[in-house]
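Sequence order for the protein chains is X and U.
Every letter in the first sequence is one number past the one before it in our numbering, and letter 229, counting from 1, is 510.
Every letter in the second sequence is one number past the one before it in our numbering, and letter 325, counting from 1, is 334.
Hints are not guaranteed to be accurate.
Below, computed lysine to any residue pairings styled on SDA-like, alpha-carbon distance capped at 25 Å [as the list claims (entries may be wrong)]:
hint : chain 1 : residue 1 : chain 2 : residue 2
1    : U       : 136       : X       : 335
2    : U       : 99        : U       : 114
3    : U       : 142       : X       : 290
4    : X       : 498       : U       : 113
5    : U       : 142       : X       : 395
6    : X       : 335       : X       : 559
7    : X       : 498       : U       : 62
8    : U       : 36        : X       : 402
9    : X       : 498       : U       : 170
10   : X       : 323       : X       : 290
11   : U       : 92        : X       : 424
12   : U       : 16        : U       : 62
Since the hints were made in silico from the structure, they are not lab data.
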Amino acid sequence: MVLRTPRQISWMRFKRNKAAVISGLVALFFILSAFLAPLITKLVGVNPTTTYTKALTQYGMPDGPWGGISLAHPLGVEPGAGRDLLALLLYGSRISFTVALITSVASIGLGMLIGITAGYFRGRVDAVIGRFSDFILAFPSTFMIVALSLPLVQRVEALHVAKDNGARIVVLIIFFVVFGWPGFARLVRSQALSMRERDFVMAAQALGASNWRIITKEILPNLWPTAIVFLSLSLPGFLSAEATFSFLGVGVQAPSATWGLVLSDAVTYWQTDPAYLIIPSAMLVIIVLALNLMGDGVRDALDPKADSR
Amino acid sequence: MSESVLKLEGLKKHFPTTTGGVFSRVKGVVKAVDGVDLEVARGETVGLVGESGCGKTTVGRTVLKLYEPTDGKIFFEGEDITKLSRHEMKPLRSQMQMIFQDPFASLNPRHTVGAIVSASFDIHGIKPEGGVKKSVQDLLERVGLNPEHINRFPHEFSGGQRQRIGIARALALKPKLIVADEPVSALDVSIQAQVVNLLDDLQQELGLAYLFVAHDLSVVQHISDRVVVMYLGKVMEMANTTELFANPRHPYTKALLSAVPIPDPEIERKRERIILQGDLPSPVNPPAGCVFNTRCWKVQDRCRVEVPQVLEISPKHTLACHFPEGN
């Protein structure tokens, strides 16, 4: 009999799940193409900043059916300015993915740390953390982000951390993380509370394990599936949140483009140029679905009880 | 018997009940263990019996300092470990281990058998001879498991096999004392016998001392050298196994023993059962005097006022009762 490591077993389980593998490949395709955006646009021969006025009619609408899809512009062109849609989406997805990934990982990391602390140490620590996260959750966060983003962007720029859109992204990420961690922290806290009463935690204590070892080696591995599922749910969530705030004028601003910005622009053209709305929307739906299905597959693969069900 | 591995003197463990929240206040006290004296000699098995909620599990956990004792003293190999901090306890942890009741909860579902059994090497920074993997496989073989199953997860095993993994984990650092907290009560009867026999063999071979917490009297009778009967956090009676089963003096012990089925229908039908009335009183508010007075059929006024002293009525047979049963 061949002995396999737990990681190999998980990987085998994942490979058996066809939906997860396919959506994983789709997600990988989107992420890779975002990463390789400069190369792809060069190969196609387009540029996100050039305005292709020749592809537009005299009314500023794309020339031809389906938003002006042609060999030169595989996804058509933007009505009005006439930029290439493929290049816009590729470069836009870079910003969207970066913001969504950083905020998801940061808020889950922070939530995990705070949640385990509250659940493991219980008592007063738990009570103080719990009331504080209630306070954050009860905060009118959308209003706060809109109201406070301008002064904060100026503050970030004054600190010479980043400029313009860079500063806006930094502020957006900070806001998302500050208002994003309590949800996950609560989930983790409740799980850590039940986990610390399990006999295997007591067994570790009886062996002389430190609090740190118990938290990292005994409790944390049991929380990975929760974190992964939460990540797969919050990634698309933050993708759309980023789009929402871009639409409200708080996030990234033109001439840079994110998916959200493209979509909010497309809404104004939905009657005259539906393809301009359909193409980015379809992409957003596909990537969100792919991320969710992949997250499910990873959870099933990491769950040792998956086979016995 | 030779020197003692474990000695308890007036051990108490009280759990405060609190209101909770930021401004938590103490509401009351659960007297889970209220003055237990006990001694376990090297290589001896002491059975600790009593009904659910009598504090026997708490005794086991307090002995290993998983709970901080409220009062009393714990001696391990003559050393007072009552006041030792978590850090100071660590070197001693290798010598006293625990086997748990529920083999499904006591193994981390995310760790392989290898990781579970070798955790103690890791925690204590010990590099066993021949490598960690070899030692783990030896341990698995010792407890009757296939050493090739080192990379399997706990859920791939049956209850009895899991309990064997738990035993292998406890044995890894060659302890002198093992607190077995109802190690077989979650298993099928046929598997119970296998695990009890394994514990017996290991004791013969390694000279282990067991504090065997159980509520199944037949198992206790089989494995124990001495038996301690607990009720509501206090020791009622303590004697050698043969003596206690043949000649119980405390009314509570008598009632417990009369509940053990006898595998002979003739005797079983004729024999008189003692059925206790009512429930175990709340350990938050135990009765005054003898704690058993609310359910004892021999209760008299004295029992409601005066706490019976623990007396040695015959060699190695101690009792806490004002009106013991006759010889």
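field: Agreement of residue 498 (chain X) and residue 62 (chain U) with the hint, judged by alpha carbon distance not exceeding 25 Å
entry: Cα-Cα ~32 Å, so violated.
message: What's the verdict on residue 335 (chain X) and residue 559 (chain X), does the C-alpha distance respect the 25 Å limit or exceed it?
response: Roughly 23 Å separates the two Cα atoms, so the pair holds.
task: Could you grab the alpha-carbon distance between residue 142 (chain U) and residue 290 (chain X) and see if it respects the 25 Å cut-off?
output: holds, 19 Å
message: Check the hint pairing residue 36 (chain U) with residue 402 (chain X) against an upper bound of 25 Å on the C-alpha distance.
response: Roughly 21 Å separates the two Cα atoms, so the pair holds.
query: residue 99 (chain U) and residue 114 (chain U): Cα distance at most 25 Å?
result: holds, 23 Å
message: Would the hint linking residue 498 (chain X) and residue 170 (chain U) be met if the CA-CA limit is 25 Å?
response: Cα-Cα ~23 Å, so holds.
- prompt: Within a Cα-Cα threshold of 25 Å, do residue 142 (chain U) and residue 395 (chain X) meet the stated pairing?
  reply: Violated, because 36 Å separates the two Cα atoms, which is more than 25 Å.
message: Tell me if the straight-line CA distance from residue 323 (chain X) to residue 290 (chain X) falls inside 25 Å.
response: violated, 41 Å
field: 25 Å limit on alpha-carbon distance, applied to hinted pair residue 92 (chain U) and residue 424 (chain X)
entry: Violated: residue 92 (chain U) and residue 424 (chain X) sit about 55 Å apart, past 25 Å.
field: Agreement of residue 16 (chain U) and residue 62 (chain U) with the hint, judged by alpha carbon distance not exceeding 25 Å
entry: Status holds; Cα separation ~23 Å.
- prompt: Straight-line Cα separation of residue 136 (chain U) and residue 335 (chain X) no greater than 25 Å?
  reply: violated, 75 Å
query: Would the pair residue 498 (chain X) and residue 113 (chain U) pass a check requiring their Cα atoms to be no farther apart than 25 Å?
result: holds, 18 Å
Checked against the numbered hints above, the structure violates hints 1, 5, 7, 10 and 11; every other hint is satisfied.
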